[in-house]
Amino acid sequence: MARERISQAEEWQAWAQRYDMEGGIRTFESGLTLKVFLGALFVGLLMMPGSIYLQLVSGQTGAGAAPWVAVILFTELARRSFTTARRQELFILLGLTGAAVGSGLQYRGFIWYAYFVQTQQAAQYEIADKIPFWVAPSPDSVAIAERSLLHMDWWTPIWIFLVMRLLGTIRHITAGYFLFRLTADLERLPFPLAPIEAQGATALAETTGRAETWRWRVFSIGSMAGLLWGFLYIGIPSLTGVMMSKPIEILKIPFIDFTPSIEGFAPTGVFALSTDFGQILFGFVLPFPIVMTEFIAAMFTQFFLNPQILYPREILHQWRPGLDVRGAGLFNGLDFWISANMGKAFSFAVVGLAASVPMLLKFRSARGETTGVRGSLQTPPGRGDFPLWLMLGLWLIGMIGFVWMVHWMVPNFPLTFLLGFAFIYTPLNSYVTARTFGVLGRDLFEIPYIHEATFILSRYEEIDIWFVQLPDEDYGRGTQGWRVCELTGTSFTSNIAAHLLIMPFLLISGILVWHFIWKIAPIPSAQYPYAQTWWPIYATNECLWKTSLRDGSSQMLQAIRGDYVATGFTGSLAIYGLLWLAKMPSMWFYGIVGGIGADPGMMIPRLIGAIIGRFVMIKHFGLKRWFMFNPVLAAGFTCGVGLIGMATVAIALVSKAVIVKPF
Amino acid sequence: MGNFGEKLASFFIVIGVVLWVISIFFLGGRWQPLILSAAILIVAIFIAHIWEEIFQDKK
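Line order of the protein sequences matches chains L and B. Take 1 as the starting number for the first sequence in the numbering used here and just add one per residue. Take 664 as the starting number for the second sequence in the numbering used here and just add one per residue.
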């Protein structure tokens, strides 16, 4: 019997419904209240110095766990005060605390360049005197000698940073929203990982209510599993590393390398088994066809395509027996896969456009459709939406302002390249990323060494271009955030208002905190061991990169070959075409193309999760209940692992602060 | 448009895939024939989606 064609519209709609908590029916409420704002400000400002300090001391920020700690503190306070916390409030709290902790790290550049201009490396490579005035004051400045960020010599770098930050916020909010409307509303892509974040806030909100529901139980099970796994995987190596010269690893971190073992029958193949079995929980959540096809395609690559096709034809020519996964992966990448992967990424853009353009063609007729239907841009009532023309207009203003600023900073760099990045590359890159997040829950589009290639093509030889932020941006990641906001029933206006309200506080406090930390001791110095160990190495690397194109060539750039880019691009389109002919689900395309060239060993934990979910859990709980449970379970697990991570960093920090006297 | 769109898209896909195989195995994998087959495949994929989204739904 002939297979019946299921249109992509039907396929995506079905998956979107599966990942949509409460079946798409929800009321939207504001999550911004005074207590949330003050709570976020208090916790954020308390944690920001801690995360900056932690980064300088241990290289870790605790930024992943900090929002969860804040939310758990908040819900406990709510319970003790016999009041309740709504999930909308907790979602805003999660976002604001994350922004507060993260914002402190944005000012690292000031202190880094204050150090960099004084390094021997910068002097040796003849960079020190060429660092522009809008990056850092000159090495003989009083501001650097006194270690003060509040000196007037810093005014130019700081006001440029603030203007860039303001324009960046406008661009990221507006473009992220625009892409969300396109991918989530119009195309109905499922965003498989968005419910994890949403369900975490929902489950914790329910703990403050009178009756605890299944969500709290499932979240607790996930948290306990996360704590246990986090202790085994992160805790034991970190804690024993403090006490012993060599840490104890129960499971080798991050993988067990079988690459040398398979080279006898699969030369050039790579296989490193990931030991991060926490990924099993993400395998529960991700669509089964994607995980399965991705694994099969990766196995095909490493056990057939690489050793039987590419190696005998000497396309993979740098490989030598005895290489481990890093060596073989590097050489395979340079020989073929970096180029082929670029081609693959372009095919995502073409397939995405091919799916979207017909929807725009029949957009006029779909205007009358109800909300939640593919092809319709109708919005649910109360979500706090904005006109698309307004968002597009604001993005244009933000981007034009950004390009103008960059042009002012590097006036001799060709404007054409800046405009190309801003108005061709950025929209394309963002759209593709938004789609891959909508389907796979991760980014797949990356053009390596794009900056270096641009600098060579532009024939621009001044060093200042390396210090400027080019207008090549990616708003696709932000799209998932809007979807999470929607799933928690938080009105978009309250989310935007919360972030805009907290921004001035964070901008000012970030500068002050760095100023005081710098005042305590020079950075790097013995007080900041991580910075003392690594910053000199980073300085050397930065000098190498910034001077790598002086002779107009780069080994990395030479690895990109047009023939192989075309092979990856056309091959991916051919796979899509063949799957369409065979009436197979389009999910297979994303799985197959995502898996080709990848290491299958890294996918095994997710595959185990997907198989257990598909063949055990769905049978046991039923499809609908399992899809309700698994994001909550994964959210609890992330919270548990995060808490263990934060606790071990704190213990390690205390142990490093203890000075053992020799008597 | 009936099934004409589906047949047209299928025809172009077959042509594109055959040309892709020929370029890889017989023309040394040079980018010029590869891009030609990519162009044919792009046309096919756009036809397929336009047919699927606009005409198949009506049917």
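Treat the hints with care, as some may be off.
[Said to hold, decoys possible] Taking CB as the label site, the calculated pair distances span:
id, chain 1, residue 1, chain 2, residue 2, range
1, B, Gly691, L, Pro381, 40 to 50 angstroms
2, L, Gly109, B, Ile678, 28 to 38 angstroms
3, L, Ile6, B, Phe667, 12 to 22 angstroms
4, B, Arg693, L, Phe304, 44 to 54 angstroms
5, L, Met224, B, Arg693, 51 to 61 angstroms
6, B, Arg693, L, Ile397, 39 to 49 angstroms
7, L, Glu462, B, Leu690, 17 to 27 angstroms
8, B, Leu690, L, Ile6, 30 to 40 angstroms
9, B, Phe667, L, Ile424, 55 to 65 angstroms
10, L, Trp389, B, Ile678, 38 to 48 angstroms
11, L, Gly168, B, Phe667, 43 to 53 angstroms
12, L, Phe304, B, Gly691, 48 to 58 angstroms
13, L, Lys619, B, Arg693, 43 to 53 angstroms
[Unchecked claim] Stretch-level coverage of chain B by chain L, calculated; a stretch enters the list once three of its residues show a Cβ under 8 angstroms from a Cβ in chain L:
id, region
14, 677-687
15, 690-697
16, 708-715
Everything labelled a hint here was simulated from the structure, so no lab data went into it. Glycine residues also receive a C-beta, built at the ideal position from the N, C-alpha and C atoms.
Hints versus structure:
The hint said 40 to 50 angstroms for the Cβ distance between Gly691 of chain B and Pro381 of chain L, and at roughly 60 angstroms that hint is violated. Look at Gly109 of chain L against Ile678 of chain B: about 53 angstroms separates their beta carbons, and that is not inside 28 to 38 angstroms. At roughly 20 angstroms, the beta-carbon separation of Ile6 of chain L and Phe667 of chain B lies within the given 12 to 22 angstroms, and the hint holds. Restraint check, Arg693 of chain B to Phe304 of chain L: a C-beta distance of roughly 24 angstroms breaks the suggested window 44 to 54 angstroms.
Checked against the given bound of 51 to 61 angstroms, the beta carbons of Met224 of chain L and Arg693 of chain B, roughly 58 angstroms apart, stay inside it. Taking the beta carbon of each, Arg693 of chain B and Ile397 of chain L are about 45 angstroms apart, inside 39 to 49 angstroms as hinted. Checked against the given bound of 17 to 27 angstroms, the beta carbons of Glu462 of chain L and Leu690 of chain B, roughly 43 angstroms apart, lie outside it. For the pair Leu690 of chain B and Ile6 of chain L, the supplied restraint of 30 to 40 angstroms holds, since their beta-carbon distance comes to about 36 angstroms.
Hint check: Phe667 of chain B to Ile424 of chain L, Cβ distance near 35 angstroms, so the stated range 55 to 65 angstroms is violated. Remark: the range hint 38 to 48 angstroms for Trp389 of chain L to Ile678 of chain B is upheld by a beta-carbon distance near 41 angstroms. Look at Gly168 of chain L against Phe667 of chain B: about 49 angstroms separates their beta carbons, and that is inside 43 to 53 angstroms. Phe304 of chain L and Gly691 of chain B have their C-beta atoms about 21 angstroms apart, which leaves the hinted 48 to 58 angstroms range violated.
A hinted range of 43 to 53 angstroms holds for the C-beta pair Lys619 of chain L and Arg693 of chain B, which are about 51 angstroms apart. Counting residues of the region 677-687 of chain B whose CB lies closer than 8 angstroms to any CB of chain L gives 6, which reaches the minimum of 3, so the coverage claim holds. With a threshold of 8 angstroms between beta carbons, the proposed coverage of the region 690-697 of chain B by chain L holds, since 4 of its residues qualify and at least three are required. A count of 6 residues in the region 708-715 of chain B with a Cβ less than 8 angstroms from any Cβ of chain L is obtained; the coverage claim is therefore met, three being the minimum.
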